[in-house]
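J.: Here the protein sequences line up with chains A and B, keeping their order. Oh and the first sequence: position 149 is 149 in our numbering, straight run, nothing missing. Oh and the second sequence: position 246 is 246 in our numbering, straight run, nothing missing.
These aren't lab readings, by the way, just hints derived from the structure by calculation. Certain hints may be false.
Said to hold, decoys possible - The calculated BS3-like cross-link candidates involving lysine-lysine, where the alpha carbons are at most 30 Å apart (straight line), are:
hint	chain 1	residue 1	chain 2	residue 2
1	A	K24	A	K134
2	B	K134	A	K24
3	A	K244	B	K134
Unchecked claim - Non-contacting residues of chain A with respect to chain B, defined by C-beta distances greater than 12 Å in every case (computed):
hint	residue
4	T26
5	R59
6	R103
7	K107
8	G237
Just so we're clear, the structure is a prediction, and the values are computed from it rather than from any experiment. Don't be surprised by glycine CBs; every beta carbon is placed ideally from N, CA and C.
Number of protein chains: 2
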Amino acid sequence: MVRWKATIAYDGTHFSGWQVQPGKRTVQGELEKGLTKLHKGKNKKVVASGRTDAHVHARGQVVHFDSGLQIAGDRWPWAFASVLPPDMQVLSAVPVSDDFHARHDAKAKEYRYFLRVGPEHDLFQRHYVYHAYKNTFDHASVQRSLQLLVGTHDFSAFCASNTPVQNKVRTLDCATYMHIAENAWCFRLQGNGFLYNMVRIIVGTAIDIGLRRLNVEDMGRILQSRDRREAGKTAPGHGLYLWKVYYAP
Amino acid sequence: MVRWKATIAYDGTHFSGWQVQPGKRTVQGELEKGLTKLHKGKNKKVVASGRTDAHVHARGQVVHFDSGLQIAGDRWPWAFASVLPPDMQVLSAVPVSDDFHARHDAKAKEYRYFLRVGPEHDLFQRHYVYHAYKNTFDHASVQRSLQLLVGTHDFSAFCASNTPVQNKVRTLDCATYMHIAENAWCFRLQGNGFLYNMVRIIVGTAIDIGLRRLNVEDMGRILQSRDRREAGKTAPGHGLYLWKVYYAP
């Protein structure tokens, strides 16, 4: 039996998120179904670095699983391709030590959130980019506001209020906002851990700043408040991508 | 009653092409259904510049329709948005003379075809870009081969063999192949008219040249042959976009 660490991508559009739920199509469910098929029906489980919500995409989710199959690392993507639906994909797989754990061992994660700003809708982006239908948007203030979040803070204000987690202190290593194409902008957030909905609440609040419903300084005030009600709306899932998960080398 | 010329976009992924077919979801069908709804159930018809096949997209398809509704040009997109599914969109509408005809009056059309070249699959592009899974691809030869098609020719070799059209002479004004991003290339073909599957057969043949199954000079030989069997495969519909339709000013 070998433990494998696999990097996977998925288009979240037609998934009810990562975690198995009865009667729903989930990424974990489809991945375990495919893996079970490769193992001739023997029930297989996978463990991810963390959950993602409905409609959230992944370019670099990481999972681990155990297998007795004699498949070389570079053949796993091909093996999976034969049993997985077209909206998910195993990008790579490497053998790891038996005690590797995709969630416990994750040191940091990078999320990206794609935003379109402008009055014209682009239907080809409807599942992949969040659209703010505005002509005027204060991009510079969005950029500056994010800097107020970098560092180690109690991020309670940016955490869904129904979360059971006690310790809401996290370290955000990087929070940038880049112009990537005409009308297209990208948030990039990297940190040692993210609370439930944290990226989407930060983005929702930053969008309020872009729309001048809030000022740059409000971002700091909201962080200090530790009160979810002070922050902006949770931005929709379809603009969000789990981009990369970092492990100790 | 006013005749309207409307420019529309659609994501062809979940459509069985433009034309109404019993039991199938088509762009024309959805558009007429929406228009009929706006007219309180009074049956409405639309005429397009031409058909598109299953999975083929449009950024600038043009249609005409007649309406007695008092809707200003810049309000039509909003009116349609309330009755159309999210994978199609009316971009603009202008009033035209009663004898305007979207198909008969079209002077030229531009198609674009998006190609990804390289061993790595990108699942987010699976419905929007055709993927040639190769490391080596002779882009320069593709570019040169297209130049042999520019001008007025009998394009029988690049027309689906079951087409009833007699006169297969068309003028191709422009045929270019551009590198647009990492691993991403775009064919752009503009002409006064296109035969059935003409763009997709030209692209399929050009891809054979890129893969070195054919030489640059073969493109000229195939054109001269006027024989569909000499050309390459019809490239898949999902890489193709009806980009723009030109009318006399």
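J.: Determine which of the earlier numbered hints do not hold for this structure and return their numbers in increasing order.
T.: 1, 2 and 5
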